[in-house]
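2 protein chains.
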Amino acid sequence: MRTLHHHTLSAPSRKVRLLLHEKRIEFAEQIIEPWRPDSGLWSLNPAGALPVLVEDDGNIIADHNAICEYLEEIDTSVATIGKTPAERAEARRLAAWFDVKFATEVGNYLVGEKLYKRVAARDAPDSRMLKAGRENLHTHLQYLGWLTERRKWLAGEMLTIADFAAAAQISLVDYIGDVPWDDYPLAKEWYVRLKSRPSFRCLLKDSIPGVAPAPVYTNLDF
Amino acid sequence: MRTLHHHTLSAPSRKVRLLLHEKRIEFAEQIIEPWRPDSGLWSLNPAGALPVLVEDDGNIIADHNAICEYLEEIDTSVATIGKTPAERAEARRLAAWFDVKFATEVGNYLVGEKLYKRVAARDAPDSRMLKAGRENLHTHLQYLGWLTERRKWLAGEMLTIADFAAAAQISLVDYIGDVPWDDYPLAKEWYVRLKSRPSFRCLLKDSIPGVAPAPVYTNLDF
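First to last, the protein sequences are chains G and B.
To convert, take the position in the first sequence, counting from 1, and add 9; that gives this note's numbering.
To convert, take the position in the second sequence, counting from 1, and add 9; that gives this note's numbering.
Calculated directly from the structure, the hints in this document are not laboratory data.
Relax, there's no trap hidden among the hints.
Mimicking DSSO-like on lysine-lysine, the simulated pairs with C-alpha atoms at most 27 Å apart in a straight line are:
no.: 1; chain 1: B; residue 1: Lys-92; chain 2: G; residue 2: Lys-92
no.: 2; chain 1: G; residue 1: Lys-92; chain 2: B; residue 2: Lys-32
no.: 3; chain 1: B; residue 1: Lys-32; chain 2: B; residue 2: Lys-161
no.: 4; chain 1: G; residue 1: Lys-126; chain 2: G; residue 2: Lys-214
Chain G extracted, bound-state conformation (with noise of 0.2 Å):
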């Protein structure tokens, strides 16, 4: 069976794994701790990096961008791309956005130093990291409100990997609390709506070895 090698702690991974149910295709599932030398990842993906896709005939496909286009392309019964060229370009742009920019700016400050560091290293966060993290948060919040006034979902009418980019960040920054949903009505207000979704529960399931979730994070009416 089509096996998805991943963790709960990789947000490429989550955003995969939202796309993955979103088109309603089956897949086993494969937890790899990436940082344990003998986790075999490499063997996957010379890049060693999370997500990786095993096809039922051992063709394995590497790369979280790369996983997305490959689905999109052999199942075009739900499209999450976008139609037009100009529609799916957008959906790129911000899905790039949140997987790397976000990435850099929030992600490895709040959840690299709290969630990764501690079951990876079991070491403490470092408060400076801390502050830089939720500083940048906020700017993001905007622009997620921003777009949100504007379009039905972050890159149009259309729900796209945009959305499951954005989500798959923010949903490892909101496992530790940490997302100042009050302040943002209408950020929260797109994320609500994303929660709900039957793809979204396969994320409110997962739970970090050592690390209790907030309360927040299973919460639908938050």
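Keeping the supplied structure of chain G fixed, place chain B upon it in accordance with the hints.
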């Protein structure tokens, strides 16, 4: 006319320029110095990153990957990603390898320190950074050799965005003469083939103010 806003120091811009020339798509060029607050870049792309493509109707396509996918969708005369979903996934995986991994492990150290820092900040390079970049470069040249020993081009039989992404990154390291070509004959053979293509001429004409290219840079028979 369709206009590409770019800079000679930006590897993602070089990738898109190669792609446009391979597809023989006509475009005007606008050089933007991204480190200048008055460059106008932020109004084109809120992520502040180059390149940005502006279409005749004013539509703005931002993010290097989104631009490549967009060009592939609007111009099907020359395929630059691949044919089957699996081939396309491999081209995208390798493009990301060079866009992200090579940039982080080599480009940011060597090109960042020797070119970007000098041109944008008039500052001297940090020798520890240069050492790290030179060491990491070996792994990437080995991987290039490994790929080209097995395949005609990096992702397979076809010339794809994987080759353009790799050449874009490597051409900047070559500009400063830091590629130990003689130690990596397979990687060199691949680069010679690519460098001889008409699409590559635009890069060979590039000149970075205040930094002359290494003699090897424009030499097709190095």
